[in-house]
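Student: Letter by letter, the chains look like this.
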Amino acid sequence: MSQRYDYTLAEADRIGAAIGAVLLPGDVVLLSGDLGAGKTTLARAMLKARGLVGEAPSPTFAIVQPYAPPEVELPIAHVDLYRIEDEGELIELGLDEYLYDGALLIEWPERLGAQGWPGALSITISGSGDARVLTADVPTSWGSRWPLR
Amino acid sequence: MTLILGLESSCDETAAALVDSDRRILAHRVAGQEAEHGPFGGVVPEIAARAHVDRLAPIVAGVLGDAGVSLADVDAIAATAGPGLIGGVMVGLVTGKALAHAAGKPLIAVNHLEGHALSPRLADPDLKFPYLLLLVSGGHCQLLLVKGVGDYRRLATTIDDAAGEAFDKTAKLLGLGYPGGPAVERIAREGNPHAVPLPRPLVGSAEPHFSFAGLKSAVARAAASGAHSVADLAASFQQAVVDCLVDRSRIALTACPGATAFVVAGGVAANGAIRTALTDLAARFDRPFVAPPLWLCTDNGAMIAWAGAERFAAGLFDDLSVAARPRWPLDPAAETVRGAGVKA
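Chains A and B are the protein sequences, given in the same order. Numbering follows this note's numbering, with no gaps: position 73 of the first sequence is 73. Numbering follows this note's numbering, with no gaps: position 326 of the second sequence is 326.
So here's chain B without its partners, still in its complex pose (with noise of 0.2 angstroms):
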């Protein structure tokens, strides 16, 4: 049984955990939510380097004291190391190295995708590799088979925006508050998905990319024509969002039939209506759905302790002098795809 301390600043976040490879949690937190009755919803992102400083030694403190143990018990740190923004980046991974050099243990530096593709089996002892993955974020939608720790293969990505940051820019554009995803989400209820015609981008393309600025761009002309309700054009645009999702998930189904389960992760993974119709469409391809819970789906430290878990076992270590990378694909070789958007 080896612990591990999981450290993560690479955006909005500031968070740590303890998870050992027996898959017990023994404690995590993510900075500002504590305070969940706070005036903003105790979530408010940050991401100045500074309050990365300022947050981060506090919560490393208090999960090593919500767990009773002490840095001496620990037998790796693990720091994601990128992808994200440099100066969040840095605090993260700095930090790793000094509390490993200072305890004397091991550094890992984990890629934050990474965190998000392995996290699924800190929830599921069940899930073997391989497995196909729906990482869909405020900042990355792709679909990659997990084959093995430290072994992907990205199958597909937005070749523009997140779907992520299309319900953001959608509540935005509809007046509707931040994070966008909930609000979206909780007025597209009152809604006709079918009101507003819209564009599903790629969808029927045998390229199995995701394309979603062009459908953030057809909600802006359908938001200004004043023809419709912003109820309407919430639960339009998300129609079309999981439209989009499960085409381009079937595609990788389809091209994946070693696949063992289908898995989603990532903070959209939260909204009911994406939730439900992957479900069906895993049942379709007759594969197990599994989902892991809704908070280690958003950004937090104990998918990177889990990450660092599994890397552990399997001999991966990195040396201190390891770099912050603010861009760090999981898949180096996967095939680029076109930079622009689709016009809708």
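The following block holds chain A by itself, in its conformation from the complex (with noise of 0.2 angstroms):
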């Protein structure tokens, strides 16, 4: 099921907040888009939305910033495959360990090759000035689950 939602960068927050705020262990929600397109921002609202008070510090260099209670309700691994150059290099980072208890929020999934997982929720944000368009293909596995309509 794909969806579409325009929003302007001022609804960022409420946007990832209300994606965050029905995340269940075991999701993966993938995030595309260009540079300064706003994926980092959807990525801090929905960590803001499971509880996450301090910062939530870009995870281009580090790759992956993991987030465990309590400072959040639901485990969550926020994961940019920006540096990633080799799938090999994927299998290490043993992120489907997380998917135990947690949700994986993963910016530059296109990097995954291969490997992706197939019912993730990926999202897609285009646009430039303050406009933005998020087109999201929502999994079956989701059901009714998906708050943006």
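Misleading hints may appear alongside valid ones.
Okay, derived cross-link-like pairs now, DMTMM-like style, lysine to aspartate or glutamate, Cα gap no bigger than 20 angstroms in a straight line [what the hints assert, rightly or not]:
id, chain 1, residue 1, chain 2, residue 2
1, B, Lys128, B, Asp151
2, B, Lys172, A, Glu110
3, B, Lys172, A, Glu85
4, A, Lys48, A, Glu11
None of these hints come from the bench; they were simulated from the model.
Two chains, two frames, some hints: make the complex.
Tutor: Structure, rendered in structure tokens:
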């Protein structure tokens, strides 16, 4: 099911929070879009919606920024594959392990190559200026959870 | 005199060094950098834990051989225990634990940021606590008051991207190579730093923090407009970063009248324009400006060994059960800052 949602940058926190609020353990959210599209802004809003009070630094350099209770009520790993060169490196990140009890937010998922998660919620952000268009491929496993209608 | 073996593998580099408490660097190696004439200029970033595993043992053997000492001569093993990518951190920390256990030596778990924070004291014996540190690298952008070993007050941090990340992403946007810092600096020399109007996020704000995500987006828009040369874009971007770093550091220097010096560390400190501007700023505040040699600014084993030596002197050791910490703030009491970028 493909969903389109238009918003402005000023609304990004609300959009991210709405998605973050319905995340369940095992969920994978893929965030695509050009540099500056607002992927990290959405991811931060999702973390905040699950209780994070502190800062959520960019994961670009660290690649994985894991968050765990008590700072969040749902374990969430915020991942950025921007610097990944080789699919082999991905296996070593052990990302699947986070899914036992938590969720994954993955920026630059294009780097996944053939190893993508088929059940992932795939979000693409486009637009310019303050206007953004969010396009989501909502997997059936999400059922009626998708909050932006 | 104590001799410390330091291990670093928390991100791209695998490194080891032997440093003693008299500030002598007996040996240091960073994986990949021996092949300086290789096709990639010798430095190939490698994030895979397996690569750290492959590289660390030969590097440890290498530094012991270079220094002509054995593990029995070492007084303690210091290993980075975070923050960083968990797989890499685990490799270094577990290696450190194994060596410590096998040789019957104490283990010292070092915060990678503490390695950067104390490394200026390895290079400069006259540097006294407390000093103001600007830590600027690919993963961090912080202002810290370094009050003593294990005693840090974070005055400011980035609320979104690190400064080095902004350089790398700008280089990508402009079609320059990786690593982005040197590439941007090189072409910026041919451009006009005032040609492209770019924002200085948070400059002038009473809030002491940094923000670079909006600047990156502004560079993307300016590049897409087609109105500017790459050299002008690079020069204007670099000038914007310089202005942000100087403005924020100025606030911190004003807030810390007791700081004995203004110190910069981290890979971004390699940028000549930034160094020059920070040198001028320190002079305006009548403080010595201290910048460790460039090799000590980027990730290396010597800064971990030196932090180990400082902790050894303070009697700070760790149990073999100490855990790796992918996120590990230097100042746990620091006030958290809002986690959203500044719109440019």
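Student: Next, verify each hint and record whether it holds.
Tutor: Against the structure, the hints come out as follows:
1. B:Lys128 / B:Asp151: 13 angstroms, holds
2. B:Lys172 / A:Glu110: Measuring from Cα to Cα gives roughly 16 angstroms; hence the hint holds.
3. B:Lys172 / A:Glu85: This hinted pair holds, its Cα atoms lying about 15 angstroms apart.
4. A:Lys48 / A:Glu11: Answer holds: Lys48 (chain A) to Glu11 (chain A) is near 15 angstroms, not above 20 angstroms.
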